[in-house]
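Use these hints to put chains W, V and R onto chain B, whose structure you have.
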Amino acid sequence: MPPVPPIAIIAESEKWFDASKLPLFVIAIVVLGVVVLLWLMSRRGSSFTPRQIPGLKAVEDAIGRATEMARPVLYTPGWGGDIQRPTTIASMNILSQVAEKTAQYDCTLIYPTHDPVIQSVAQEVVSESYARSGFADRYRQEDVRYVSSSQFGYAAAVEGIITRTQPAAIFLLGTFEAESLILAETGNTVGAIQIAGTDSTIQLAFFIVACDYTLIGEELFVASGYLSGDKAILASVRAQDMLKIALAAFLLIAMVWVTFAPNSGWWKF
Amino acid sequence: MSRRVAQIVCAVFGVLMFLLFFSGHPTAKAITLAITTQYWQVIAAFALIVGAVSFVRVNVKAIQRRQDIPFRAIGLLGMISMPVLAIGWGIGGSSPFLWVFENIQAPMQSTVFALLAFFVASASLRGFRARSIPAAILLVSAVVMLLSRSWFESTTSSFLLTASDWLRNYPSMAARRAILIGIGLGSLTTSLRLIVGIERTWLGGSR
Amino acid sequence: MKKLESRHWAFLGLAIVVIGTMLLNLEPDLDVSPDTIRMHAFIDSLPAGSIILVSFDHEASALPEIKPLATAFLRHAFGKGLRPVGIALMAEGTAVGYRLMEQVAAEYHKQYGIDYAFLGYQPQYIAAILSLGESVKQTFPRDYVGHPYDSLPLLREVHKLSDFGAVISIADGNMVTHWVEYGRARFNVTVAAFVTAVMVTSYDPYVSSGQLRAMVGGLRGAAEYEKLIGIGGAGRRGMLAQAASHLYVLALILVGNVIYFTTRSRKGRG
Amino acid sequence: MDFGTIIAGLLTLAILTFLYRDNPIYKLAEYLLVGVAVGYALVIAWKSAMVDLLFTPLFGQGDWSLLLPLILGLMMFGRFHARTSFISRVPLAVLIGSGAGAAVPAMLGPRILTQVSGSVTPLVGTDGLPNWSGLIVIVGVLSTLAYFFFSREHRGSLGVASKVGTWFLMIFFGTTFGYTVMSRMSTFIGRAEFLLTDFLHLTR
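Chains as they are written, first to last, in the working numbering: chain B, 1 to 269; chain W, 270 to 476; chain V, 477 to 746; chain R, 747 to 950.
Hints are computed from structural coordinates only; laboratory data are not their basis.
One should not assume that every hint holds.
Unchecked claim - A short, non-exhaustive set of chain W residues, derived as facing chain R with CB atoms under 7 Å:
#  : residue
1  : Gly283
2  : Phe290
3  : Ser292
4  : Gln310
5  : Val311
6  : Gly344
7  : Ala355
8  : Trp358
9  : Arg418
10 : Tyr439
11 : Ala444
12 : Ser456
13 : Ile464
14 : Ile467
Where is the CB? At the ideal position from N, CA and C, for every residue including glycine.
One chain only, chain B, in its complex shape (with noise of 0.2 Å):
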């Protein structure tokens, strides 16, 4: 048996600035660059609107839909995620949609998490969504609540709220687990419209199969922007297409340069 290189963490460098990091560290601030300068430029008043995405029709349909039938609705994270994590900022983004339309529409608005670190931010994000539409006396602080850290028993208190609260809209989207399923089931058999989005994506495939509209991936990131209209947001959608031209340029390049100089490497990362 060959022996087994070191691993990265002992080889590595222990200057100040690990040279070996570089080209990461160039591409990171070319990309700021890019989201900054683009967006600079969409407060000019260069605008852009992004192809639709059917999920995010529906959203409004579905709080509409809630307050007609006199039901909540439910927005939960999922139990995978942390304050942290990208992803839960861009839900929070989305929430803060969606917690301006319940606040006109005067419906209820439940919101389960299993981290009291997103539950103290999406408490800020309702309540200045509330302030915002001019309904500041609707929003109630204990509807945005903890139900313990724990998976399951995160997963059997949205269980019990869903089945008892019987909301017509429920929105999934966050990081989920296992508890996926669980919730995307339950949620059918009280009849809600559901609408999810995840970036896990072993559980894609469930939300797939039992919801309503999946947003995949990207586009959870992508759909506060559309819902809002935020500047900043749009501005990076863009340069999320961009970037994603030259890595596909990057890609084809690289493919055929291997074909014709197999022991090239200039391509790795």
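Using the frame of chain B, we list chains W, V and R on its own:
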């Protein structure tokens, strides 16, 4: 005012963590470790106390409104008993704390997990209908996968195994890669917006 | 009584299929895969009396797969006269690991502190592995039950990670990676793993590179291991139920489509 | 049979009654589970974070650098009252900021660049024949990325590419579903094993 302070703190820690990644110096590594373990865990632990207090508040309020009294009481009792048992008898080998975990919490947790098997069944009955071409593709690849893993190896036809392995290793992996790249891009720009302060929703901030 | 809906029938069917096949008490014969044979041979190759580190790196919810795997392995280890020292790098693995070792040790009349020991849980898994590499005693000054480290004769024989004959990680997540990347790479200890079925593909590259000495995965792996050690267990009993449940899910997909197409064609005509 | 097994068995059955429908027995078990789980998390956080990471090194070993996390933690208590809750924004900002800062290189490196360069293979194999599997991967990655292209409506060639992308996505969803069914089923088999063997003694 407090929003401004919070935003500056967010930016400072964001830039700091970003830069620390590019350093190999032992001090830089020690700071990274301190932030991700001490800061993150300690703040989360204090937040948990806040969460537990809000849990108690919600339940006590409900009891005052005479809603679901027995259920709320059992929940509160469960919550309070754990710290009490831990303080009284410790959390070691044969402590009552561990007894509650093993005979009450763990079996219920794994049973909620086991409900998944049933929900897989109901979702299979309802969700796999060949309504359209994409739906048919979903159906076929799921069936191939399931069939290839249903019998004992000696009786499973090797064609099915080869087909399922190929599906998983090539087309399915390609799609997963693209999903990961997309999520990476979305997370990347979201994080950058947070660091430079053009993402303020988390502060409840206006746009 | 509330009317039963289609999902209720689907639930009921699953319960009947699984419980029915389990009540048959059949232990089907099965082919043992090379992965399992490799693990069995590796454990067999350790000289009797070797002290091995068994790390319970999983959550309580993974028990249905983890317990049969860990039980089969511990039976083999105790039966061969190996002396396992247990630890946990995930909080929920602590109680589970302690109980399992206690139970299987009792089957083989092994004595705590001489034939086996359990050190407990350390958070910060990477730091814990690195620290074990320097000194076991400093990482776990007391065992799980509270005995001082030096009071147990077994523990007096091991000082650092490299003194163990092998590290066996019983895991439902990424912990095996850390054992390989820190434990093996830095302290040159042999690592082998028992993992849940979903994790198998993630660790295949480590097995083929030799960084992971052997790996057994899922209920199926447990069943195969039970066959090799000649003691029936939950793995083999579960195998038939597992296969039956798959066929049942396939049948549900079929029924769902038949219903869909018949109602659609009826609507088309009407 | 010991008392613990009886309790565990009854609670297992109580949770399973939810499959028929919501009922007071399930509800009782659910509230008990949630309560106990909150209490358990508190105890573990107290021991592993407060005592082991904070109080012991701070007061026992005089590691004063831990004063800062202690103060940040205490600021979370601002949330106990609506008028002081603004104080908690600072520790939240620490978490969100440092999380974002850590995410940038993590996303760019392993998530984006490694995934892209992992897809690079020669178009022609060593035997001179086209590398079909490699080509499938490249078509899959590019068409799925086209599906995630948001700047333009999906018409024309972009529409065709994104349609092919959805097929690849469906293959992915189908295979993950099929693959995960196995471990989902074993969760129930495990509980059934407990009920039949330890609780009811119907099998050995």
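Exercise for the section: Answer holds if the nearest beta-carbon of chain R is closer than 7 Å to that of tyrosine 439(W); otherwise answer violated. Expected result: Result: holds, 5 Å to nearest chain R Cβ.
Practice task
Please verify that hint: glycine 283(W), Cβ, nearest Cβ of chain R, below 7 Å or not.
Solution key: The hint holds - glycine 283(W) has a Cβ within 7 Å of chain R, the shortest such distance being about 4 Å.
Practice task
Return the status of the interface hint for tryptophan 358(W): holds when the least beta-carbon distance to chain R is below 7 Å, violated otherwise.
Solution key: Hint violated; tryptophan 358(W) Cβ to chain R Cβ min 12 Å, cut 7 Å.
Problem - Restraint outcome when phenylalanine 290(W) is required to lie within 7 Å of chain R by C-beta distance - result: 4 Å, holds
Exercise for the section: Grab the minimum C-beta distance from alanine 355(W) to chain R and call the hint holds if it beats 7 Å, violated otherwise. Expected result: 4 Å, holds
Handout entry: Per-residue hint verdict: valine 311(W), partner chain R, C-beta under 7 Å
Key = Valine 311(W) check passes; min Cβ-Cβ to chain R is 4 Å, inside 7 Å.
Practice task
Return the status of the interface hint for serine 292(W): holds when the least beta-carbon distance to chain R is below 7 Å, violated otherwise.
Solution key: 11 Å, violated
Handout entry: chain R contact restraint for serine 456(W) - C-beta distance below 7 Å
Key = 5 Å, holds
Problem - Restraint satisfaction for glutamine 310(W) [CB to CB of chain R, less than 7 Å] - result: 4 Å, holds
Problem - Closest C-beta approach of isoleucine 467(W) to chain R relative to 7 Å, hint status - result: 12 Å, violated
Exercise for the section: Could you check if isoleucine 464(W) really has its C-beta closer than 7 Å to a C-beta on chain R? Expected result: Hint on isoleucine 464(W): holds, closest Cβ of chain R at ~5 Å, below 7 Å.
Handout entry: Interface hint compliance - arginine 418(W) to chain R, C-beta minimum distance less than 7 Å
Key = Holds: closest Cβ of chain R sits about 6 Å from arginine 418(W), inside 7 Å.
Comparing the model with each earlier hint shows violations of hints 3, 8 and 14; every other hint is respected.
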